[in-house]
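Note that the sequence shown covers residues -26 to -1, 1 to 1085 in mature numbering (1 follows the signal peptide of the UniProt record, and there is no 0).
It is worth saying that the hints were derived from the structure and are not from the lab.
From a predicted model like this one, the values you see are computed outputs, not experimental measurements.
Positions of the beta carbon are idealized from the N, C-alpha and C atoms, including for glycine.
A hint or two may mislead.
Unchecked claim - Subject to a maximum C-alpha distance of 30 Å in a straight line, what follows is the list of computed DSS-like cross-link-like pairs (lysine-lysine):
hint, residue 1, residue 2
1, K88, K1047
2, K696, K727
3, K727, K650
4, K1070, K480
5, K53, K1070
6, K499, K753
7, K88, K480
8, K1084, K423
9, K593, K480
10, K1047, K1070
11, K624, K753
12, K593, K753
13, K74, K593
14, K727, K753
15, K499, K423
16, K580, K753
17, K624, K593
18, K499, K677
19, K851, K971
20, K650, K668
21, K74, K88
22, K480, K580
23, K624, K499
What the hints assert, rightly or not - Simulated restraints, written as ranges between beta carbons of each label pair:
hint, residue 1, residue 2, range
24, N736, N832, 45 to 55 Å
25, E139, S729, 56 to 66 Å
26, D490, E240, 33 to 43 Å
27, Q531, V1044, 42 to 52 Å
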Amino acid sequence: MKIENYFKLYLSFFTILFFSSQVALAQDVAINEVMSSNNTVIDDEDGDYEDWIEIYNYGSSPVNLAGYGLTDDPTILNKWIFPTQTIQPGEFLLVWASNKDRAVQGQELHTNFKISSAGEPLVLSNSSGSIVDQVGATELQPDVSYGRQPNGIGTWLFFYTPTPEASNTGTGLTELLLPPTFSHESGLYTSSFDLTLSHANPNVSIIYTLDGSEPMPNNLTGTVYNYKNDYPTQVGSSPGPLLSDSFTSNAYVSAINIYDRSNDPEELAAKNTFQFDQYVPINSIRKATVIRAKAFLNGIGSATISKTFFVWSQGNPYDIPVISLQIQENYLFDYDDGIYTSGVDFDTWRANNPANNQFYRPEWNNYWRSGSQWEYPVNVELFESTPTLLNSITNLNAGFRIHGNNSRSLGIKNLRLYARSDYDNNDLFEHDLFDNTIPGTPMPNNAFKRILLRGNGTGGPVAYDVVFNKAMQPIYDGVTRIQPAIHFINGEYWGLTALRDRVDDKHFALNYGLNDNNIAIVDCKGVNCDLDEGLSSDYSDFIAMRDFIINNDMSNQMLFDQASAMLDMSSYIDHIVLEIYAANDSYERKFWKVRTPENTSYGDGKWRVTVQDFEASMKSNINWLDYHAVLTGSPNELFLGNLLANEGFKIQFVNRFADVLNTVFTPEHFNSVVNKVFNEVSPYLTEDANRYPKIEFFELQEKTDLLNWGTTREAIQQDQIKDYFSFANVLDFILNVSDVNAGYINISTIEIKESTPGIPQNPYPWTGQYFQDVPVTLKAIALPGYTFSHWSGDVTGTNAEIEIIPTSNMNIQANFDAVVAPQEVVYFWLMDSDLPNDTPMENLSVTYASNGLAAMLNYNSCLSGYPFTINDPNWRKASLERKNAPTPLNYSSESNNNVSYPNSNMRGVQVRQPFRAGNLENNLVFDVPTIGLENISFSLAIMSNGGAETLIVDYWDGSQWIDDDLVNATQAITSAYQVLTFNFSNVAVANDNLNFKIRLRFDGLDMTVDNSDEVIMNNIIMAASKILSTENYADLSTVNIYPNPARTTFNVAADIPLARVEVYNIYGQVVHKSQPNQNTTVVDMHTFSPGVYLVKVVTKTSEETLRLIKR
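Input sequences plus hints: build the corresponding full structure.
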C-alpha cells in the first residue's frame, strides 16, 4: 500500500476518534494570541526570545486552570498541564512555548513543546479532557502574531505589532502581507534588462534598496554613518580623518534597469578593512546588482525579498559556487559599531598606548569583537555554477560574525554564517554544499545551522590546510569539508573563499542525530585545553578521562577497557595519524561527546576527536611520531605514549596507519588531491589578487612542496614507524580475487574496492604494505549472488575472516563461487479435461507461469494445410490432439493450486503419424521467456505407441536452431511413460532471454509411415533459478523494525544496505530522515509523541512502508 494511503487511513481514524470523543464545554477562556517566531518582541525570564501563547479570560468569573492542557498535537490533549493558577476576568496569561517545561504556580510558565514557524495546531483543553479552544496550523513571519479581535471571541487576524499580555487593539490583517514579486529571478544574464516589482494589492507601497540595506520607508533620504581609511599605526602618527557614507531606501515607481556594473566606481572595496595601509583594487572589480524589496501597507511591512543579478556579456567566468552576501554597510564599516574594520577600537588603543609599536595585533580593532552581541544580519544567496548559468539554490536571511584569531587582521576576512529563526522562517541552510558526505554519519549531511566562509589563514599556506583536510576527509569524520567559492558583498567581487563545515555542537547534533543541548566540547590548542561547549562538569569529565589514561598502566587490559569506554580509540587514532603524517606544528583539536548517552553509536557518551588548521604542516625537522608518543610533558599531550603500552592498541594504531598510507596517503592519491585543489582555484587567482593581494595563497612553490611531500612521505613514515616499534621489515601484501564481480577483500579497516578512496579503479591485484610480525585481519566479502569458497596462495582455509601474522611478503587470493538459487517451476502445461477433444490444435497456452509472462506451445505439422476439417481426408493426421492418457509423472502440484494429482480429471496430448512429409516434419516450439532467469531445464512425461523412437531437442540462438552445450539433446522414447529432462544450464543464450525458444522433434525407423500411431506427452515443465544479480538480489532480502511497539528507540534491519529511512506521523509530516548506507540503523524516538507512525524503508531496489507504534 502506498504511504499516502496509510496517511488517509490513519487520518480518517483519528479524525473520527477525535471529534466523537471530545465534546467542547462552555468555557470563558480562550487562546487569544500566538507567536511562533519571536525574534525581538518579548523575552522570557532567561532573556530568551521564545514562542508564546496568550490565554485570555473573556468571561465574568475567575477560572482555575489547574489540570488544563495545552498541546501542539490534537491526539495528545494533556501534552502540557497547567499548575494551579487562576486567571481573572479580563486577564491575559502568557505561556512560553519554549520546550523548557516549567509549570510552577506564580512563575513564568513554559510548555514542553515549541511551535513551528511553519504552523502547528494548538489546542486548549480543560481538566476533564474536553476541548475549550483551538487554533489551526498557521504559518507566521518573524515577529508577527496571530490573534483574536475582539479579545477571546473575535476573528483571527495577523498583527504586525504584537501585544503579549495586552489587548489586541492594533491594526490586524486578514492575511499575511506578501512581499513584492520580482519580474526576474536571481542569476546570470548576458545583457541588461528592466526589472519590475509588483504586488497583488494595489494599495501597498514598495520600498527597495540597491546597497544591501534593509528597505525602510523612513530611510528614503538615507542614513549617514562614519568610517575611517587611515589609522595611526606608527608611533607619533596622527589619526586619519573621519569619513562619512550612507545607505538609502528607494520608493519603487518605475522599472529598474539592471546592467553590468563592473565599470562603476568601487564602493565597499574602497573602504579599509584593517589598520594597515589601505589597498584599493588596481583594476575595476567585477560587480553584480543586489536588490532588497519590501511591501508596506498602513505602516506594516512584509518580509524582505533579496535577489542578486549578474549581468556579464561573456557568460559565467566561474566553475565553482558563487555566494552573494547582502549586508547593511554600517554593520561592516561604521567607525563605532562596524566589525569589518579597525574603527574606534584601534584609535582607542593607540590613544592609550602612544609608544606601543605592536600596532599589527588584531586584538586592538573592531574586527576582534566576537560573541552574539556582535552578530549582524545578512542575506545569503548561494549559486551553483554551470558553463552558462548561475543557479540560485539557497537564499536565506541569517546572521554573520567575523571568524578566526590572527586571520581577523587579513584584508579579506573569514566569516561565520548563522541560520536562526531570528532572521528567517527557515533556520537551516539546506543544500548539499559539499561533494563528500561525512563518513559514518546516520544523517544526510545536507542541513547546516552554521557555515564557515574561510578562504585564508595566517598560520602558513592555506593550501596545506585544504589539501590535508581533503585527503583525509573521505575516511575520517573529524575534519572539515571544504568547497572553494567566490563571494560578493553587496554586489562587489570580494574574492576567493571556501565553504567549510563549522564543527561545533550544532554540527554534531545535525549530522549525528543528537541533542545539541547534550553535547560537550573541549577545545585544545597545543598543551592548553578549555571548555568550548557544555557544563563545567563536562570539562571535569574530560580531565578525569585524560588522567585515567596517563596515570594508569594501559598494558593492563582491564584498565585499557575502562579507557576505551571513555575514549573512542578509532577516532583518536585517526586524528593522531593525520597529525603525524602532516607533520603539523599547530596541534589544534577538539574532544567532543554527548553528556548523557543517547544511542550506541555517536551518542554513546565516548569522547571523540576532531582536528583543524594544517597551515603549519610539513615540518619535517621533527619526527612527529616520537613527538606525540612521549610519556612526559603536558598532560594534554600524553595520550598516545600511554595508550601504546597496550598491545592491542599498538596493533590497531600501526595497522590503521598502514591502512591510511595504503589508501588516501599513497603518492598517487595524495598528489591527485593536490592537483585537484590547485586546479580548482588557479583560474581565479589573478582576479582574486586584484581584489586584494595575498601571500602564501596557492603559490606554485606550495604546490611543488606538497607534491614532493606526497611522493616521499609514505616511505619516510613507514621507516619512522618501523624504527619506533623495532619492526624488522615492511612487507608487501598482494591481494587478489577469483572474480572481481564476485567479491572483494577487507584488510584491517579498509575495503579493497573501487569506491574506497585511494584504491585504484581496477583494484585487483592490489598491493599494500604492512609490518612484519604485526597481526593483520583479512575478510572476504561476497557480493550478492556469490559466496566465499576458500583462500589460496600463501594462506589456505575456508573461514571468510582470518588473522595473519606476516613474516614475509604475502600473495593471497580470495575465491568465490556463484550462488545458484533453488530451481523452481516457472512454466507448467497442465493436460486436463479443459483441452478440446477430437480437435487438432495449433498452440497451447501455458496453464501456470510463476513470472506472469505468456509462454506458448506452438505446433507445426508436416502436412501442409494443417489443421484440417472433419471432411478432409487428412483429418486427424500429423496432428496435435488431446489423449486420454493421464500420468502423475512430472506433475507439479504447486503449479496447480497445490492440488494433489487428480487422476480422474487428467488427460494428455498426442502427436500423431505421419511425422514427416517431404521436407516438413512434426515439431513443437515452446516460446518460454527467461527474463531474470538462469539454470534452465525442460522436462516432460513422454511415451510412444510406435509413433517415434527418439526425441530431439534444440533451441533458437537468434539466427538458427542449434543444440550446442545442451547435454543429452537426443533421448530415447519408450513405450511406457518416463520423464525426460533437458539441461540448458550451460547454454548462455537460455539465460535472461525474452525470446528464448525450445524445439521438440522426433525420429525413428520410418517417420513417413501412417499407422495411426502416436507419441504421447504430459506434464510439461520449464524450471529455472532466479538470477541473483546485485539488482534483484534484494528479492531475497527482508526488512524488519523492532521492537514494535517501541518506547525510546527502534531498530531497522535488512539483508542489504539501507539507502534511506523516513518516519512519518499520522499527518504525513517527516519526523525522522536518515541515510544509513549500512544494513542496520537505530532511530531515536525520544522526541516522538505516543501514537502510530509509518516507517518508509528504501534499499537500492525496493521500498517498503511499515507501521510502528510509539508507546
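So, going through the hints one by one against the coordinates:
A C-alpha spacing of about 20 Å is found between K88 and K1047, which places the hinted pair at or below 30 Å, so the restraint holds. Taken as a hint, the K696 and K727 pair is honoured in the structure, with Cα atoms around 27 Å apart against an allowance of 30 Å. A distance of roughly 22 Å separates the Cα atoms of K727 and K650; the hinted pair therefore holds under the 30 Å criterion. Distance hint between K1070 and K480 is fulfilled; the C-alpha atoms sit about 26 Å from each other, no more than 30 Å.
For the hint linking K53 to K1070, the alpha-carbon distance of about 27 Å falls within 30 Å, and the restraint holds. A hinted pair counts as satisfied when its Cα atoms are at most 30 Å apart, and K499 with K753 does not qualify at roughly 39 Å. A distance of roughly 18 Å separates the Cα atoms of K88 and K480; the hinted pair therefore holds under the 30 Å criterion. In summary, the hint linking K1084 to K423 is supported, as the alpha carbons are separated by about 29 Å, within the 30 Å threshold.
This hinted pair does not check out: K593 and K480 have alpha carbons roughly 33 Å apart, beyond 30 Å. For the suggested pair K1047 and K1070, the alpha carbons sit about 10 Å apart, so the restraint of at most 30 Å is met. Distance check on the hinted pair: K624 and K753 sit about 21 Å apart at the alpha-carbon level, within 30 Å; holds. Distance hint between K593 and K753 is unfulfilled; the C-alpha atoms sit about 37 Å from each other, more than 30 Å.
Restraint check: the Cα-Cα separation between K74 and K593 comes to about 50 Å, which exceeds 30 Å; the hinted pair is violated. Between K727 and K753 the CA atoms are separated by roughly 13 Å; this keeps the pair inside 30 Å, and the hint holds. Between K499 and K423, the direct Cα distance comes to roughly 25 Å. Compliance with the 30 Å bound is thereby established for this hinted pair. Note on K580 and K753: the hinted pairing holds, with a Cα-Cα distance of about 28 Å set against a maximum of 30 Å.
A distance of roughly 25 Å separates the Cα atoms of K624 and K593; the hinted pair therefore holds under the 30 Å criterion. Between the alpha carbons of K499 and K677 the distance comes to roughly 27 Å, so the proposed pair stays at or under 30 Å and holds. This hinted pair checks out: K851 and K971 have alpha carbons roughly 25 Å apart, not beyond 30 Å. Distance hint between K650 and K668 is fulfilled; the C-alpha atoms sit about 21 Å from each other, no more than 30 Å.
About 9 Å separates the Cα atoms of K74 and K88, which keeps this hinted pair within 30 Å; it holds. A threshold of 30 Å between alpha carbons decides the hint, and for K480 with K580 the separation of about 18 Å falls inside it, so the pair holds. For the given pair, K624 sits about 25 Å from K499 by alpha-carbon distance, which is consistent with the 30 Å threshold. A C-beta distance of roughly 47 Å is found between N736 and N832, which places it inside the suggested range of 45 to 55 Å.
Take E139 and S729: their Cβ atoms lie about 60 Å apart, and the range 56 to 66 Å holds. For D490 paired with E240, a C-beta distance near 41 Å keeps the hint of 33 to 43 Å intact. Taken as a hint, the range 42 to 52 Å holds for the pair Q531 and V1044, whose Cβ atoms sit roughly 45 Å apart.
Hints 6, 9, 12, 13, counting from the list given before, are not met by this structure.
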